[in-house]
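Engineer: Protein chains in written order, with the working numbering: chain S, 1 to 113; chain P, 114 to 224.
Some clues are possibly wrong.
[To be verified] Away from chain P, derived, C-beta distances all over 10 Å, residues of chain S:
(1) Ala-2
(2) Val-4
(3) Leu-11
(4) Phe-60
(5) Ser-70
(6) Leu-83
[What the hints assert, rightly or not] Straight-line distance between alpha carbons at most 30 Å, and here's what the computed DSS-like set of lysine-lysine pairs gives:
(7) S:Lys-57 to P:Lys-182
(8) P:Lys-211 to S:Lys-13
(9) S:Lys-57 to S:Lys-13
(10) P:Lys-182 to P:Lys-116
(11) P:Lys-211 to P:Lys-116
(12) S:Lys-57 to P:Lys-116
(13) P:Lys-211 to P:Lys-182
(14) S:Lys-13 to P:Lys-182
Note that these hints are calculated values from the structure, not bench results. Just so we're clear, the structure is a prediction, and the values are computed from it rather than from any experiment. C-beta: ideal position from N, C-alpha, C; glycine also.
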Amino acid sequence: KAGVTQTPRYLIKTRGQQVTLSCSPISGHRSVSWYQQTPGQGLQFLFEYFSETQRNKGNFPGRFSGRQFSNSRSEMNVSTLELGDSALYLCASFALGNLDEQFFGPGTRLTVL
Amino acid sequence: DAKTTQPNSMESNEEEPVHLPCNHSTISGTDYIHWYRQLPSQGPEYVIHGLTSNVNNRMASLAIAEDRKSSTLILHRATLRDAAVYYCILRSFQGAQKLVFGQGTRLTINP
Numbered sequence: 001k002a003g004v005t006q007t008p009r010y011l012i013k014t015r016g017q018q019v020t021l022s023c024s025p026i027s028g029h030r031s032v033s034w035y036q037q038t039p040g041q042g043l044q045f046l047f048e049y050f051s052e053t054q055r056n057k058g059n060f061p062g063r064f065s066g067r068q069f070s071n072s073r074s075e076m077n078v079s080t081l082e083l084g085d086s087a088l089y090l091c092a093s094f095a096l097g098n099l100d101e102q103f104f105g106p107g108t109r110l111t112v113l
Numbered sequence: 114d115a116k117t118t119q120p121n122s123m124e125s126n127e128e129e130p131v132h133l134p135c136n137h138s139t140i141s142g143t144d145y146i147h148w149y150r151q152l153p154s155q156g157p158e159y160v161i162h163g164l165t166s167n168v169n170n171r172m173a174s175l176a177i178a179e180d181r182k183s184s185t186l187i188l189h190r191a192t193l194r195d196a197a198v199y200y201c202i203l204r205s206f207q208g209a210q211k212l213v214f215g216q217g218t219r220l221t222i223n224p
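Make a model of the complete structure from these sequences and hints.
Structural biologist: Spelled out as structure tokens, the structure:
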């Protein structure tokens, strides 16, 4: 069974631009979560989608948004990029149960110049 | 969200057992104790979880104190591949989709 895939793996943008990151969950998984990892703040929850609906949202500004498609693939978008958005963005998927193991992808490393 | 406290770092030798502690004094009765680890340049991966009883799987063992205010992840024979940051996370059924990561414990394994 293929794991969680994220594209692109690396990305360089400049301040003010916007970016879209993609995540394909494990086949059969209907829930996708997004996390931001920085050296200063560690791993922080961004949002979670289930069956194309956002179920949970972390404490991030509205510049961070996401969506999920009918095939469970998910995208997250960051508009008006700031230097502080430089981070590793991780996607995780799990099957059905709320306490199920979450499977993480390798992440997308975003650098904002 | 209930909080966990872990040592910032620990060091051990290859092929020796490693005991990684976690304090969670404000744990509620419905909180499960989960452990994830993050190897260098990878996303986190699930290790083990439990509620009240000790648990074993192919990767590790989880020992939970009787009052559930602390737990210990046990790696029975550490290898160099076990060098990672280990996170102890509390999850309740409601809102469990969100993993709340602390700073974790950075485990170094010496050859």
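Engineer: Which numbered hints turn out to be false for this structure?
Structural biologist: Checked against the structure, the hints that fail are numbers 2, 14, while the rest are satisfied.
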